[in-house]
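Chemist: Here is what each chain is made of, one letter per residue.
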Amino acid sequence: QKEVEQDPGPLSVPEGAIVSLNCTYSNSAFQYFMWYRQYSRKGPELLMYTYSSGNKEDGRFTAQVDKSSKYISLFIRDSQPSDSATYLCAMSVSGGGADGLTFGKGTHLIIQP
Amino acid sequence: SAVISQKPSRDICQRGTSLTIQCQVDSQVTMMFWYRQQPGQSLTLIATANQGSEATYESGFVIDKFPISRPNLTFSTLTVSNMSPEDSSIYLCSVGGVLYEQYFGPGTRLTVT
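The listed protein sequences derive, respectively, from chains A and B.
So for the first sequence, this note's numbering puts the first residue at 9; every next one is plus one.
So for the second sequence, this note's numbering puts the first residue at 84; every next one is plus one.
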């Protein structure tokens, strides 16, 4: 069993839809959770970062963490064609300043105009 | 957020040769990280580079193959030695942010023929 599982997709939704992206993990020591967006041939761009369980909202993006279920989600509201990219979840035990991240494989998202 | 640059952005190399990848950050950081992203795979941590000490390598990565230098708080290099086609990947450096997040450079796309 991989440490972080993420459905690779592709996930195709119409413009304006709400998108739900998810990861599950096995290591209960993970406390810091991040979501990145990666366009083709570019480096990962940090979207959201959260600590422990709970929700965090930033514009059209909401990140949720349920540590009891070892499950994290990213919701994108009012999706746009420019949101088409690969979305990577990542997590660490001690935080990104002190610790390397463990990544999921990424979900390829396509927003249809 | 930190601004990170990498050189070269891409290269095509012959097997048996070595390539050194540079990573420059616009602010002083304690830890720098090096990752590999193979086609269709997760980002995988290669090593953590702390200024003034030897880099710490993850399981499956060794110093002879991936020597790392960290001469100051804004710069690091990763060398991919004695390359084979299996080393064809995107190599990324990253640094920690103000809180617990992590930021990535644009990556170096390496093709070994």
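Simulated from the structure, these hints should not be mistaken for laboratory data.
What you are looking at is a predicted structure, and each value in this text was computed from that prediction instead of being measured.
One or more of the hints may lead you astray.
Stated by the list, open to error - With a Cα cut of at most 35 Å, we get these calculated DSBU-like pairs of lysine-lysine:
{"id": "1", "chain 1": "A", "residue 1": "Lys64", "chain 2": "A", "residue 2": "Lys50"}
{"id": "2", "chain 1": "A", "residue 1": "Lys75", "chain 2": "B", "residue 2": "Lys90"}
{"id": "3", "chain 1": "A", "residue 1": "Lys78", "chain 2": "A", "residue 2": "Lys10"}
{"id": "4", "chain 1": "A", "residue 1": "Lys113", "chain 2": "A", "residue 2": "Lys50"}
{"id": "5", "chain 1": "A", "residue 1": "Lys10", "chain 2": "B", "residue 2": "Lys148"}
{"id": "6", "chain 1": "B", "residue 1": "Lys90", "chain 2": "A", "residue 2": "Lys50"}
{"id": "7", "chain 1": "A", "residue 1": "Lys75", "chain 2": "A", "residue 2": "Lys113"}
{"id": "8", "chain 1": "A", "residue 1": "Lys113", "chain 2": "B", "residue 2": "Lys90"}
{"id": "9", "chain 1": "A", "residue 1": "Lys75", "chain 2": "A", "residue 2": "Lys64"}
{"id": "10", "chain 1": "A", "residue 1": "Lys113", "chain 2": "A", "residue 2": "Lys10"}
{"id": "11", "chain 1": "B", "residue 1": "Lys148", "chain 2": "A", "residue 2": "Lys113"}
{"id": "12", "chain 1": "A", "residue 1": "Lys50", "chain 2": "A", "residue 2": "Lys78"}
{"id": "13", "chain 1": "B", "residue 1": "Lys148", "chain 2": "B", "residue 2": "Lys90"}
{"id": "14", "chain 1": "A", "residue 1": "Lys50", "chain 2": "B", "residue 2": "Lys148"}
{"id": "15", "chain 1": "A", "residue 1": "Lys75", "chain 2": "A", "residue 2": "Lys10"}
{"id": "16", "chain 1": "A", "residue 1": "Lys10", "chain 2": "A", "residue 2": "Lys64"}
Unchecked claim - Looking from chain B toward chain A, a few residues come up when the C-beta cut is under 10 Å (computed):
{"id": "17", "residue": "Arg93"}
{"id": "18", "residue": "Ile95"}
{"id": "19", "residue": "Met114"}
{"id": "20", "residue": "Ala130"}
{"id": "21", "residue": "Ser171"}
{"id": "22", "residue": "Val181"}
Even for Gly, the Cβ is constructed at its ideal location relative to N, Cα and C.
Chemist: Within 35 Å, alpha carbon to alpha carbon, are Lys75 (chain A) and Lys10 (chain A)?
Modeler: holds (17 Å)
Chemist: Need the status of pair Lys148 (chain B), Lys90 (chain B): alpha-carbon distance at most 35 Å?
Modeler: holds (19 Å)
Chemist: Would you mind confirming whether the straight-line C-alpha gap from Lys10 (chain A) to Lys148 (chain B) stays at or under 35 Å?
Modeler: Holds, at about 25 Å.
Chemist: Is the hint on Arg93 (chain B) kept, meaning its closest Cβ partner in chain A is under 10 Å away?
Modeler: Given a least distance of 9 Å, the restraint on Arg93 (chain B) holds.
Chemist: Tell me if the straight-line CA distance from Lys64 (chain A) to Lys50 (chain A) falls inside 35 Å.
Modeler: holds (26 Å)
Chemist: Assess, step by step, whether the Cα of Lys90 (chain B) is no farther than 35 Å from the Cα of Lys50 (chain A), and give holds or violated.
Modeler: holds (14 Å)
Chemist: Would the pair Lys113 (chain A) and Lys10 (chain A) pass a check requiring their Cα atoms to be no farther apart than 35 Å?
Modeler: holds (10 Å)
Chemist: With a cut-off of 35 Å on the C-alpha distance, tell me whether Lys113 (chain A) and Lys50 (chain A) pass.
Modeler: Within the cut-off at roughly 16 Å; holds.
Chemist: Taken at face value, is the distance from the CA of Lys90 (chain B) to the CA of Lys75 (chain A) at most 35 Å?
Modeler: violated (39 Å)
Chemist: Under 10 Å is the threshold here; is the Cβ of Ile95 (chain B) close enough to any Cβ of chain A for the hint to stand?
Modeler: At about 15 Å, which exceeds the 10 Å cut-off, the nearest Cβ of chain A leaves the hint on Ile95 (chain B) violated.
Chemist: Between the alpha carbons of Lys113 (chain A) and Lys90 (chain B), is the straight-line distance 35 Å or under?
Modeler: holds (25 Å)
Chemist: Quick check on Met114 (chain B) please, does its C-beta sit within 10 Å of some C-beta on chain A?
Modeler: Holds. Min distance 6 Å.
Hints 2, 18, 21, counting from the list given before, are not met by this structure.
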